[in-house]
Amino acid sequence: MLDAMRSDQASTGESQKLVFRPAVASDAATCASLIFASGAREFGFFLGMPAAECIEFLRFAFVQTFGRFSWRRHWVAVADDGTVCAVLAVLDGRTLLFDDLHIAWLLVRYLGVTSRTLQALSRGVTLEGELPKPRRHQTLIAHCATNEHLRATGIFSALFRNVLRPKLLDVVDGRQLILDVLVSNTRAQALYRRLGFADTSRSRDRSPRLPSELASIRMVLDLRRGDGER
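Numbering (our numbering) for the sequence shown: 10 to 239.
Among the hints, a few may not be true.
Straight-line distance between alpha carbons at most 20 Å, and here's what the computed EDC-like set of lysine to aspartate or glutamate pairs gives [said to hold, decoys possible]: (1) K26 to D101; (2) K142 to D90; (3) K26 to D90; (4) K142 to D101.
Worth flagging that the hints you see were computed from the coordinates, not collected in a lab.
Construct the complete structure from the given sequences, taking the supplied hints into account.
And the structure:
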């Protein structure tokens, strides 16, 4: 567990020093905005809310102890002045058994037992058909975002390499890292390929209820001894 307790430092191409650490609940305000930015279309479809309300829901979910939006599932890159400038989530397929129930509980707590909650749950099922949960041998990398003023500076790549890989590459051979990226987001696809991910082929048809702009590609990185050092 030393990785989880240690703050690592690195410099980006612009010589900005960064600290990489596990997120804490007090990061909620900044991380909620970044998480929303990582999938604004997806969150808008799932929650059926304006952007500001989506962010407020994510802030509420982030401070919870459990669930895929919890601070406990996230890592952050922090600038010299203490500003959180990038985030990603690590979702281990072996630990997600109750996540769907937890999301339903969060929606009920936030919206009440209303038609909005039921509609969000229905859209969530549709979205999960496009973005399926990781299997037990997989770890999903999600909620990947960088402050818009600091994009294309190498911060996310540094976060990935300095936090994620040291944490996960000690697992047994055959484990996979996976992530999803919109078909339309060719820039992100190029970044993930540089980090070692490859496209996978679809195993199912898309739901006719899914908006076309949410069509996504699942990408995979096989974890074998020596991988990830490219």
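Consistency of the hints with the structure:
Among the hinted pairs, K26 with D101 is inconsistent with the structure: their alpha-carbon atoms are about 29 Å apart, more than 20 Å. Restraint check for K142 and D90: the C-alpha separation of about 36 Å exceeds 20 Å, so the hint is violated. Taking the CA atoms of K26 and D90, the gap is about 10 Å. The hint holds against a cut of 20 Å. Taken as a hint, the K142 and D101 pair is honoured in the structure, with Cα atoms around 10 Å apart against an allowance of 20 Å.
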